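Whole structure, please, built from the sequences with the hints as guidance.
2 protein chains.
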Amino acid sequence: MGDLKWIKKFKMGDGFWGRYAKLVRDVVLPYQEDALNDRIEGAEKSHCIENFRMAAEKLRTGKCSGEFYGMVFQDSDVAKWLEGAAYSLAQKPDAALEKRCDEIIELIGAAQHEDGYLNTYFTVKEPDKRWTNLQEAHELYCEGHMIEAAVAYAECTGKTRLLDIMCAMADHTYRHFVEEGAEGYPGHPEIELALMRLYRCTGQEKYKELALHFINVRGVDSDYYDREKQRHDWSVWGNRSGSHDKEYAQNAAPVRMQTKAVGHAVRAVYLYTGMADAALETGDESLAQACKVLWENITQCRMYVTGSIGSAYEGESFTKDYHLPGDTAYAETCASVGLIFFCNKMLYLDRNGRYADVMERALYNGVLAGMQLDGRRFFYVNPLEALPGISGEAQTHRHALPVRPKWFACACCPPNVARLLSSLSEYAWHRDGGTLYSNLFVDGTLDVSEEFGGTVALETAYPYEGRLTYRFTPKGESMDVRFAIRVPAWSGGVEIRVNGAPAQQEVESKDGYAYLHGTFLAPTEVTVEFAMPVRKLYTNSKVAANTGKAALERGPLIYCAEGADNGGDVLSLSLKRGGTVTVSDYLPEKLCGIRELYAQGYRSETGGALYSYEEPVRREDTITFVPYYTWANRGLNQMRVWIPEQ
Amino acid sequence: MGDLKWIKKFKMGDGFWGRYAKLVRDVVLPYQEDALNDRIEGAEKSHCIENFRMAAEKLRTGKCSGEFYGMVFQDSDVAKWLEGAAYSLAQKPDAALEKRCDEIIELIGAAQHEDGYLNTYFTVKEPDKRWTNLQEAHELYCEGHMIEAAVAYAECTGKTRLLDIMCAMADHTYRHFVEEGAEGYPGHPEIELALMRLYRCTGQEKYKELALHFINVRGVDSDYYDREKQRHDWSVWGNRSGSHDKEYAQNAAPVRMQTKAVGHAVRAVYLYTGMADAALETGDESLAQACKVLWENITQCRMYVTGSIGSAYEGESFTKDYHLPGDTAYAETCASVGLIFFCNKMLYLDRNGRYADVMERALYNGVLAGMQLDGRRFFYVNPLEALPGISGEAQTHRHALPVRPKWFACACCPPNVARLLSSLSEYAWHRDGGTLYSNLFVDGTLDVSEEFGGTVALETAYPYEGRLTYRFTPKGESMDVRFAIRVPAWSGGVEIRVNGAPAQQEVESKDGYAYLHGTFLAPTEVTVEFAMPVRKLYTNSKVAANTGKAALERGPLIYCAEGADNGGDVLSLSLKRGGTVTVSDYLPEKLCGIRELYAQGYRSETGGALYSYEEPVRREDTITFVPYYTWANRGLNQMRVWIPEQ
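Chains as they are written, first to last, in the numbering used here: chain E, 1 to 646; chain A, 1 to 646.
Bear in mind the hints are in silico, worked out from the structure with no lab data behind them. These numbers come from a predicted model, not from an experiment. Take these hints with a grain of salt, some might be off.
[Stated by the list, open to error] Only pairs whose alpha carbons sit at most 25 Å apart, straight line, appear in this in silico SDA-like list of lysine to any residue: (1) E:5 with E:158; (2) A:292 with E:607; (3) A:246 with E:607; (4) E:260 with A:183; (5) E:510 with A:608.
[Stated by the list, open to error] Calculated Cβ distances over 10 Å to all of chain A for the following chain E residues: (6) 303; (7) 512; (8) 590; (9) 611; (10) 644.
Every residue gets a Cβ at the ideal spot worked out from N, C-alpha and C, and that includes glycine.
Laid out in structure tokens, this is it:
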């Protein structure tokens, strides 16, 4: 058993992702730890740890010396940080950090009721209202995140204290919803995927059963939240008026009958991740089919080219098919993280490189753009077009900031990025029976001695430069491995060599993977060369925002034009139809190391009037593009992914 | 004195605007009258008249048999309808209609307090709260509209009963705010422009003084609403929380220091209209200058090409310079009506054809599109792009309906259109000293016997076809008139003939007008030929939504492409750079009579995938355009004004 496959077996290299792993370890996690402890001057108070302290005090003494502070789901910030810290510890032991984690875990334990119940909001503020407002109160959401932390901490450090705490809470939840038959299901899905992890970590069937329970009852009883409100009329937000929005809540129909990705985008993909994982572990075909339909709907009708999802600030949600506005996108960083979770499970469920293509797209673009290059500031919202003077200012653009702000009152995205980036091995590598899959090309060394009798090391350059080098090193006599390398949709061809010799004849191509069966007696080098042309991307003409426009992509990276490289003005630029695009040398000093693109295009001068009868004067110009993930690292300036093509 | 210059002197012809005048008379006003009286099945109740009945009952008996119903500004619906009815009576007497109007006016009088105060919301529902919530409660707004109705009814019918009622209310208001020195100014500006009309109608200086008072105190004390709230904490909408939004309320600075058109667009242009009118009547240069700056800001940074204003549903408001999204525009019909009011006053203040150009743009496009061709349904919101499946459905597009709905609970726009279209003469013709101005080309006969000793008749074809024929007919010996014809910015040249002979040498061109001095001894025909090419319009590249796009215009009409004429799909269409556009014959059967445009362009096929590396297959195609004001008269279909040009 065990949920995490590689976390302790993968040693990340110093490449592109190594820099990020180090940032997470050295900057992001320490900053967040300070935030959780309210040690950051000028930032909004978190009060997370303090909430646990008060809950523990109340359980110990019956009294509480302060008041709960923060979001109703404030506990989850501690959980996500602990999960990220656990991954970090697995990669780089740090006794002091581990000690602090252990202390927090003891504090969490002290805030747990005798019956297993754990939630500081309810313990401190609403002790009589447990389980009476599933729609809003995020109890199951916080539980889910803490379960994930518990699984991670147990598997990364071998210490089971938090796991025991969360098993007790999960047992309590099982009693309430399954044994005692309480109605309802999570307002914010998350616990489904967490319970599947807990099941794999502990081997206990009841956790899988509880996950399935929440999945199965959802939307079968689509009026539950309204009934719940009638029975216990209280609100976390102060305005629980009217009937609840069934699209927002993903409960308009039983999950197996849902065909469109709707509502709050993070909730949606967390739910689908749990569904896919449950389908994987149970072989439930109807559930798997629903996941495929929803995944298709997202990726073919509702996803930005950056792998971001959620077209509207209102409800932080999906909207309608083909509605993908660039400047007002919500495109929450957490939603891209959740889409990666979903794709990762789909990849196990239905082995096809397209799931990894989307996972990679979301990772290199929608997720990475969420974090400043120095790891110190974050975007929640990742628009595809930034318009200083409008973005962050117009009523319709208040959410779409043109530069990353400091810490948020609702601190969901930064720790979500941290836990993802510090556990990339779980997404990069899969094993399925006798096959080892290389999905994402993350530098480092994977120890598969147990599975295949040796190690595989992967070396790349910034992000790939089209060339991957895998080194297989048997521990004993030989390594016998069916090795599958994902061939990304963006690649214009692939050439594989084994110790320098072409291996095309031994390679089987299937569903986006190149399969190579090898028995390596001695260290063996497998090199993979992808053709890596700059691609112009076009959008289905049903997407009104992108008609007549193109975007540039190279390898996994979507590019954008920023004012900083283009005389301050990207709105007057257009790409030349059929024009060439060239790639710069690697620029180690620029934006932590990038390659720029230079595209043939035009700059139009439209004069000073708002409207004119004069055709704009158009001059040939070269447009400079930088990787989308690096945008907004040079102060306030215009940014555009989709550029008119003329 | 007198406010209305031409209403009784202009007899509208049967042309383009004659059809609309007839629609207003035969369909719009009767429908609205039924609505005000709650006689329309299936429509939201208005209760307007009933509110007056209850207020009158309460004043008579001290008791009330029902409850106030509707918006806090429900009274204004009666006022706007009465104003429209007055204009209609001036053009076509109708004894039965006039009798019904008189009855309503008697009812209004019966709802007036002894001290002159009149407002059914306060009389029926909040008798103790008069003047305590200027921010929200629309008392001065309702008063303003009823003053406008009173002026119109007096000048159109000669009956002064309503005028007396409203003078008493205005006197009451003057006492309260000027003599007794009560603080504050209107939450929804409107009374300023109305008081200027009342001043001109009655000649009483105090009404001008009161208008100036409200204009002058606005924003000088920009915290008034917050103080008002502290003193009398009650809310019409139930959520008067936090400080008020000073941009929304146009009170962040004294009006003379305001340089950007901000906040609720209708409120803004009503305010500016009152300011311009006050500047006109007082010669206040600083006020005139502020109006010019605000007008420039609107028309050069914040106006749609259709003459619509208000880029956001949130606050029904202006947003930021160059933010002009097409599909999510608010572009309220009433705001275009208000912009016409503003332009009309600016034209008196600063004689320049550009104000009439914008007035015409708003009239033929932003306003007319607000009404279905049969006069039975209305848009509040006039987007420049409609996307069935998204428009009216996505969270961000709920306001932007793709087809016109029936009557609204908030019924502001339909009567606003009715009163404008039934008083077009006031905008079409101006007289300034010895000069008669023809601003808008509305078929009909103007009696200027008093001013110039004869009549002028104007004949055009749909809308103009580039040819105007003015017939001057002296009543006595001769007509001596300096005649100024606006030369629209869209015209490619103008040729003027007097009785068939070229008159170019006698014509003086200045600031968008062609001035012709004539002494006509016998009936004289002045013909004007405008070159009327189809124009491609381009937007300043600062407007992100329109980069790389063009729109088509011919004469005063903006055109759009609708799915109905283009195989159901306009999103895959692009205009050909440098391509030709041809004009159809006049099509009398289509959309109540139009000319279509046929533009060379392309249709792109982008395949089924959301994103593709394939350059879209592009085939030459002819794009059919219809006038924007006719859109959404053929059921649900795509519509687009701005089309990519390639």
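Any hints this thing doesn't respect? Which numbers, in order?
3, 4, 6, 9 and 10
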